[in-house]
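Asks: Kindly produce the complete structure, drawing on both the sequences and the hints.
Number of protein chains: 2
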Amino acid sequence: MSTIKYPTAVKSRKVSNIQDFHSGRGMNLENEINESNKFYRAGDYALIYKKPTPVQVVRVDYPERRRAKIVEAYYRTPSTTDYNGVYRGKYIDFEAKETKNKTSFPIYLIHPHQIEHLKKVKFHGGIGFFIIRFTSHNETYLVDAPLLIEKIETIKRESIPYDWFRENGHIIKEGYQPRLQYLKVVDKLYFS
Amino acid sequence: MSTIKYPTAVKSRKVSNIQDFHSGRGMNLENEINESNKFYRAGDYALIYKKPTPVQVVRVDYPERRRAKIVEAYYRTPSTTDYNGVYRGKYIDFEAKETKNKTSFPIYLIHPHQIEHLKKVKFHGGIGFFIIRFTSHNETYLVDAPLLIEKIETIKRESIPYDWFRENGHIIKEGYQPRLQYLKVVDKLYFS
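Those sequence lines, one after another, are chains A and B.
Residues 1 to 192 (our numbering) make up the first sequence, in order.
Residues 1 to 192 (our numbering) make up the second sequence, in order.
One or more of the hints may lead you astray.
Identical chains share a label here; the pair holds if one copy fits it or two copies do between them.
Restricting the straight-line Cα-Cα distance to at most 30 Å, the calculated cross-link-like pairs of lysine-lysine (DSS-like) are [stated by the list, open to error]: (1) Lys122 / Lys69; (2) Lys69 / Lys188; (3) Lys100 / Lys69; (4) Lys14 / Lys51; (5) Lys97 / Lys50; (6) Lys50 / Lys156; (7) Lys173 / Lys14; (8) Lys156 / Lys38; (9) Lys97 / Lys51; (10) Lys156 / Lys14; (11) Lys122 / Lys51; (12) Lys156 / Lys69; (13) Lys14 / Lys122; (14) Lys120 / Lys69; (15) Lys50 / Lys14; (16) Lys100 / Lys188; (17) Lys184 / Lys122; (18) Lys14 / Lys120; (19) Lys38 / Lys188; (20) Lys14 / Lys119.
No wet-lab data here; the hints were simulated from the structure.
Replies: Okay, here's the thing in structure tokens:
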């Protein structure tokens, strides 16, 4: 006698916050960066955007008189970082990550392709950095990309101590508008 | 007696060329630019990417043991141009369009938000341009963004004559690798 085989369970989820859903981790930081960039664009301080999350579209329906509906698609791994643009004539490129960990930052949060990409940004004369948030400390650091990459490539552990960021990173002040005043750190670090 | 109401017809289409599907128009030009950028990246000439097409994700399924499947999503209008990156220390930003029209380029092909974006690129010290292909002439031009925008904003027609591009644009030579040697024009136009 064979047992009845039920189809594999499928959990379906309505996506309320479209922009920020895929990343999951880092949702709040991403929102705050997006809001800050909006403020910087509106005031003509800088022209920096988050790149759309790449999606591999497999099937599209064309209902009559309505817009095309994607009915099968998958998230793809981005080949670059999340944010780029132009500020004071320079190319700007960065990645943002946050961790709940109190004592260290897990290296796996930064993907190898992001490291490779930020190395090339430097090579071509652009400005590259990371925005790293320790949520438990309620602190957000801007860290120069080449500096953090060197640390990642030489440290013999799978995480970087929190204290390293206190010494080598630059606290991003938080305010009302912009939420994250990260361009002030960029000014100090790359333009003075 | 009531007649039977059939459901509205829905045409479904499998997307074979994922990257290039949405634009429809411009498919070949886009492929050639992507290939050229790949070549430029591989040789460390420049770091320029096409941005992913923005997709508004509404519903995602999570089948057990398999990756998340997007089951309802829609294309969104991009708020910027398609391509950006860094070359010789400068921020590069451009949009590519092609037309089958022999005698003129229809202005509607360039969206107002792209014009606004490229104005801001200029304002912030970046390099912005258009790559315009006349498929019927088998010619591809690079045109400085501020120049074409000025023309769009002053001309009293809905298209720009082909001859204007011959006079104000710069022919992009086509080869094997890269397919479109557009950085040679960028060198001449912005770095000499």
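Asks: Please go over all the hints and tell whether each is borne out by the structure.
Replies: Against the structure, the hints:
no. : hint            : in the structure
1   : Lys122 / Lys69  : neither (40 Å within a copy, 36 Å between copies)
2   : Lys69 / Lys188  : neither (46 Å within a copy, 44 Å between copies)
3   : Lys100 / Lys69  : between (37 Å within a copy, 28 Å between copies)
4   : Lys14 / Lys51   : both (22 Å within a copy, 25 Å between copies)
5   : Lys97 / Lys50   : both (14 Å within a copy, 23 Å between copies)
6   : Lys50 / Lys156  : neither (32 Å within a copy, 36 Å between copies)
7   : Lys173 / Lys14  : neither (34 Å within a copy, 48 Å between copies)
8   : Lys156 / Lys38  : neither (39 Å within a copy, 34 Å between copies)
9   : Lys97 / Lys51   : both (15 Å within a copy, 21 Å between copies)
10  : Lys156 / Lys14  : neither (41 Å within a copy, 47 Å between copies)
11  : Lys122 / Lys51  : both (19 Å within a copy, 20 Å between copies)
12  : Lys156 / Lys69  : neither (48 Å within a copy, 37 Å between copies)
13  : Lys14 / Lys122  : neither (40 Å within a copy, 40 Å between copies)
14  : Lys120 / Lys69  : neither (37 Å within a copy, 32 Å between copies)
15  : Lys50 / Lys14   : both (22 Å within a copy, 29 Å between copies)
16  : Lys100 / Lys188 : within (28 Å within a copy, 50 Å between copies)
17  : Lys184 / Lys122 : both (20 Å within a copy, 22 Å between copies)
18  : Lys14 / Lys120  : neither (38 Å within a copy, 36 Å between copies)
19  : Lys38 / Lys188  : within (21 Å within a copy, 34 Å between copies)
20  : Lys14 / Lys119  : neither (37 Å within a copy, 37 Å between copies)
Comparing the model with each earlier hint shows violations of hints 1, 2, 6, 7, 8, 10, 12, 13, 14, 18, 20; every other hint is respected.
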